[in-house]
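Q: Protein chains in written order, with numbering that gives the first Met the number 0: chain A, 0 to 435; chain B, 0 to 435.
Hints are computed from structural coordinates only; laboratory data are not their basis. Backbone N, C-alpha and C define an ideal beta-carbon position, used for all residues, glycine too. Incorrect hints may appear among the rest.
[Unchecked claim] Covered stretches of chain B (chain A as the covering partner; in silico rule of three or more C-beta atoms under 8 Å from a C-beta of chain A):
1. 180-188
2. 215-221
3. 235-249
4. 293-307
[Claimed, not checked] Pairs of lysine-lysine, DSS-like flavour, derived with a Cα cap of 30 Å:
5. B:Lys242 x A:Lys154
6. A:Lys255 x B:Lys105
7. A:Lys102 x B:Lys242
8. A:Lys208 x B:Lys404
9. B:Lys201 x A:Lys255
10. B:Lys242 x A:Lys287
11. A:Lys173 x B:Lys255
12. A:Lys255 x A:Lys374
13. B:Lys200 x B:Lys329
14. B:Lys412 x A:Lys255
15. B:Lys242 x A:Lys208
16. A:Lys255 x B:Lys173
Protein chains: 2
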Amino acid sequence: MNQKEQILKKIATDSEVIGIVGLGYVGLPLAVNFAEAGVHVIGFDKSKEKVDKINKGENYIGDIRDAVLREVVDKVNLRATTDFTKMKECDALIICVPTPLDKFRKPDMSYIESACIDIGRNMSKGTFISLESTTYPTTTENFMLPIIERESGMKHGDDFWLAYSPERVDPGNKNFHTRNTPKVMGALSEDGLEIGEALYKKAIDNIHKVSSPRVAEMVKILENTYRLINISLINELALLSGKMDINIWEVIEAAKTKPFGFQAFYPGPGIGGHCIPLDPFYLEHIAKQYDFDLSMIHTAGHINMRMPHYMYIKIATALNSQKKAVNGSKILFLGVAYKPNIDDERESPALEIMDITAHKGGEIYYNDPYIPHVKTNEGREYDSVELDKETLEGADCVVLTTNHKDFDVDFIKKHSKLIVDLRNMIDKKSEKVFKL
Amino acid sequence: MNQKEQILKKIATDSEVIGIVGLGYVGLPLAVNFAEAGVHVIGFDKSKEKVDKINKGENYIGDIRDAVLREVVDKVNLRATTDFTKMKECDALIICVPTPLDKFRKPDMSYIESACIDIGRNMSKGTFISLESTTYPTTTENFMLPIIERESGMKHGDDFWLAYSPERVDPGNKNFHTRNTPKVMGALSEDGLEIGEALYKKAIDNIHKVSSPRVAEMVKILENTYRLINISLINELALLSGKMDINIWEVIEAAKTKPFGFQAFYPGPGIGGHCIPLDPFYLEHIAKQYDFDLSMIHTAGHINMRMPHYMYIKIATALNSQKKAVNGSKILFLGVAYKPNIDDERESPALEIMDITAHKGGEIYYNDPYIPHVKTNEGREYDSVELDKETLEGADCVVLTTNHKDFDVDFIKKHSKLIVDLRNMIDKKSEKVFKL
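So here's chain A without its partners, still in its complex pose (with noise of 0.2 Å):
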């Protein structure tokens, strides 16, 4: 039996075991997912203290039920480590890991080369790798590929197979979950496609075959490159807006009766997350090496990072209304997760437009129900105040920066006396409320 045949039998048989590498908002819920559907799993993380948690049955993630969690560490179908040379215990090894940016809106691509310098040097022969970390086209042929075989001495066809199935997790849809969100993968070779598939279905319902990791890479970023233009575009109509005395919002409700070839984005203060303010960029970064210069996306990224800007703005002119300046002033921002009813402040333009805002001397202070704690990108830290009726009439200005189903706005408009929306929260035109 060659090596295919023999992953190929063990995964027909139960018999299998993977390492999911990177055990945050995609990675947990994966793991989860195989060790549910019977599949052992090892979940490898740097993180001491998520492996603990994981280990003791202590869910840190959102989107999975504690109790699943739980049944399945109980079960041993699931374990994490620390210890990474337990990768050769594995037939299949999957990277969850961060593709951030850094500092100069370039794509990090340490934790990738990190976890291939890992798999290289600890996994045994036979083994399927797969990529689900967005990135740029031709990162699994072009940077993982050279790595992985350098720091094992392996052949890729021979001895490891390796493919590219990007995560589409949308944290919090209530609908769509790792499971029953198709999934697409491409491979380095035929034979590394059929096994990824075979693995693939016993956690996700349906796999999307292409025909080449790169073109797998290009859909995850067409997918979030697309929601970044659209973004864009609806803010800076928004703001176009604002002058001409044109409520965005019920232009976007009218637009939206169109019964073919629209599709509704919002305005807000900015975009946040971990994928669309970042993804667009890999390719952007990509594209140069083909001399190739994206201007849609070129544009978009400038639109969106001017907008917390553009938010301080309204904050000031709001107050200037009541003949105040932001020096000195007590402001407030409800909400700084980066979207609605989740505990995720990654990226949130709430952060950027508290910053702007204390640099300008505003006293800031925040209340968000899930996020008890927050350090701003400049390093400033707050922990979420009583939202109440003093909390309120204290401030001279509520900034709404996220639109959390929790928030009474009833409550905020009689106790304010100053509101900026930034999320349409409030529907009635009152001279103390100024939108967006």
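Given the structure of chain A, go ahead and fit chain B onto it with the hints provided.
A: Just chain B, lined up with the frame of chain A:
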């Protein structure tokens, strides 16, 4: 009974007369819909040819069934005229005139202006006026109203009512036509909105009312700007993908498997038709008055304008692979319509690519089953040639510019020496096929 009560009573008793100004692809279907609903309709157009055709029951619009037009003309529910003094017989006047761009890509408001002058000089008191043409926000209030009041000597609110309700006609759409496509409407006064709704309800199933004409104006521009920027994005990504050896069509098919947050757009040789290439620049134009640069539209417009040039380069590259120059080569274009299965070549990118290629010495000819004769932007005129074996074999290069369903792709592939496929019509890879 005041003016408002009078017109509402006429509408309620089906005794009103509606004048439709401009009998093109928007005005004529609307006129037919009203006439079908039993309303007495007068169609106004400056073209004696169109007017004569209609009065003879001869249809010239693809989306209207010939029998329906004949029926409403026979019943004398619809008659057409070039005599604009007959506007005085109308209780309502609906303007469906073109809003093109001039040679410097600035709004050409002359058709709206002319319609407003005709209306102002001819209408009776108590007329409801609605504009359907796409235009920049504030047109109804700031451009039309002063002209109509000046020419008529009447006063809005007392003597007439003015509204804006954009057409959403999608030529060739089999599912959505004038009646079942919801209609957005904003009016200058509450009375106007009430009258407009009562009137339009006879021809349109759903009326979505908004707070002002400028909101309705922005709605239409948003819908088409959304399409412009998404097509421009995918065109830009298609050009990059070509360089990166990525099949963009495969990428789009895979991205479409994402069950939320994605809408597919397809690349092509440029954007044609009478809406998407034009409408966003109406907004760009008015934005300048508010000291505002619409960078997304600007960038998208730039990509779109350059597409025919890139397509010319594709043709030159394909010919070069067979050691041929464009200069002196026979180049056959298949399809000059701007989209499949319609007979409309307005703003079609095919015409521009033909001009560029002819300019470089290519010997140009074309076939389009829907369009027997064309005149290019630079004034070259061509008749559609027979699409047979000899024609295909005689061409040095066959360029697929419109994906009409009538084209027999296998036949074309079999008999062509070289194909440049700009519409993803040919699946299989072959050395003689070059794809966008």
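Q: Determine for every hint whether it applies to the structure shown.
A: Here is how each hint holds up against the structure:
no. : hint                : result
1   : 180-188             : holds (count 3)
2   : 215-221             : holds (count 4)
3   : 235-249             : holds (count 12)
4   : 293-307             : holds (count 8)
5   : B:Lys242 x A:Lys154 : 28 Å, holds
6   : A:Lys255 x B:Lys105 : 28 Å, holds
7   : A:Lys102 x B:Lys242 : 28 Å, holds
8   : A:Lys208 x B:Lys404 : 28 Å, holds
9   : B:Lys201 x A:Lys255 : 22 Å, holds
10  : B:Lys242 x A:Lys287 : 11 Å, holds
11  : A:Lys173 x B:Lys255 : 20 Å, holds
12  : A:Lys255 x A:Lys374 : 38 Å, violated
13  : B:Lys200 x B:Lys329 : 54 Å, violated
14  : B:Lys412 x A:Lys255 : 41 Å, violated
15  : B:Lys242 x A:Lys208 : 22 Å, holds
16  : A:Lys255 x B:Lys173 : 20 Å, holds
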